[in-house]
Amino acid sequence: MATPDALLVVIRHAPHSSNWLREGLDAALVAAAFGQPVHLLFMGQGIMALLKEQGSGAPGQKATLPIIDMLEMYDIDALWVSEEALQGLRIRQDLLVDGITPVPAQEIPMLFQQHAKILNF
Amino acid sequence: MHHGLHYGLLVMGAPYSSPAPHSALRFAHAIIARGHKIAGVFFYHDGVHNGASLMAPPQDELNLHEAWRELNQQHAIPLDICIAAALRRGLMSESEAQRHGQPAFNVAPPFELTGLGQLLDLQQRADRFITFA
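Residue numbers (my numbering), protein chains in the order written: chain G, 3 to 123; chain R, 18 to 150.
Careful, some of the hints might be misleading.
Computed list of lysine to any residue pairs in SDA-like fashion (alpha-carbon distance at most 20 Å, straight line) [what the hints assert, rightly or not]:
#1 G:64 - R:106
#2 G:119 - R:54
#3 G:64 - R:148
#4 G:119 - R:135
#5 G:119 - R:132
#6 G:119 - R:147
#7 G:119 - R:150
#8 G:54 - R:142
#9 G:119 - R:119
#10 G:119 - R:104
#11 G:119 - R:106
#12 G:64 - R:90
#13 G:64 - R:147
#14 G:64 - R:107
#15 G:119 - R:107
#16 G:119 - R:23
#17 G:119 - R:141
#18 G:119 - R:148
Part of the chain G face toward chain R, derived, beta carbon under 8 Å [to be verified]:
#19 21
#20 22
#21 25
#22 32
#23 33
#24 36
#25 55
#26 56
#27 57
#28 117
#29 119
Using C-beta positions, here's what the derived DEER-type ranges look like [as the list claims (entries may be wrong)]:
#30 G:59 - R:111: 15 to 21 Å
#31 R:142 - G:19: 43 to 49 Å
#32 R:111 - G:100: 15 to 21 Å
#33 R:117 - G:36: 37 to 43 Å
#34 G:54 - R:47: 28 to 34 Å
#35 R:51 - G:112: 45 to 51 Å
Calculated from the structure, these hints are not laboratory results. Ideal Cβ placement from N, Cα and C applies to all residues, glycine included.
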């Protein structure tokens, strides 16, 4: 459940196609390091950030999965995933990292409503 | 007399490749004209390119870097750039250029290189926080 001060970071971009994911996760980690409760919501292609079998991308591109694995250490344990995105991209939940919570489309607006602070990446 | 709101702006689009900076500037001028205040502008992701002082578009085009500087001069609005996102993309201040042994720099006041903590602080202080991406 959202605390009044919690930050909702929304991830909408897949790994490697741009720097959106990395820089979005950076913002989440910095907020958590400052003691702010952080919740993550993965929508659209952003859910691919959670694929547990993903590699490190083209040569020279750093993998983002290690950052996902690190989230728990920063007390970021709310990993919400749009159910619609899972179905749309035909990705089964067991292909994603542990600890995610699928959220039905009709509940997503509620998540936005519960957070006064939102960052979109 | 009503009390204006404090707005924080987050700009994540690059000049001349995204409409985000232009929209953010127009928005800034519009809300100031309505009696509100801008607590600060934070540049992140590709938005850091707005701080490039070597920007030289053709003379009949708006120079977005200049437009941000004018906004700062007229209304004393802080212009903060994420340092990690900037360095990654080849934007650095004089002191960073010295630190990295680079022969030139392209970020100068009123733009300031700062950390993401400043973004969170701006979001915390603002009554309304608007993203332009």
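Comparing the hints with the structure gives:
no.	hint	verdict
1	G:64 - R:106	holds, 16 Å
2	G:119 - R:54	holds, 19 Å
3	G:64 - R:148	violated, 27 Å
4	G:119 - R:135	holds, 15 Å
5	G:119 - R:132	holds, 18 Å
6	G:119 - R:147	holds, 10 Å
7	G:119 - R:150	holds, 17 Å
8	G:54 - R:142	violated, 37 Å
9	G:119 - R:119	violated, 38 Å
10	G:119 - R:104	violated, 27 Å
11	G:119 - R:106	violated, 27 Å
12	G:64 - R:90	violated, 40 Å
13	G:64 - R:147	violated, 30 Å
14	G:64 - R:107	holds, 18 Å
15	G:119 - R:107	violated, 30 Å
16	G:119 - R:23	holds, 15 Å
17	G:119 - R:141	holds, 8 Å
18	G:119 - R:148	holds, 11 Å
19	21	holds, 7 Å
20	22	holds, 7 Å
21	25	holds, 5 Å
22	32	holds, 4 Å
23	33	holds, 5 Å
24	36	holds, 6 Å
25	55	violated, 27 Å
26	56	violated, 22 Å
27	57	violated, 22 Å
28	117	violated, 11 Å
29	119	holds, 5 Å
30	G:59 - R:111: 15 to 21 Å	violated, 34 Å
31	R:142 - G:19: 43 to 49 Å	violated, 33 Å
32	R:111 - G:100: 15 to 21 Å	violated, 47 Å
33	R:117 - G:36: 37 to 43 Å	violated, 26 Å
34	G:54 - R:47: 28 to 34 Å	violated, 46 Å
35	R:51 - G:112: 45 to 51 Å	violated, 31 Å
Violation of the numbered hints given earlier is confined to hints 3, 8, 9, 10, 11, 12, 13, 15, 25, 26, 27, 28, 30, 31, 32, 33, 34 and 35; the remaining hints are satisfied by the structure.
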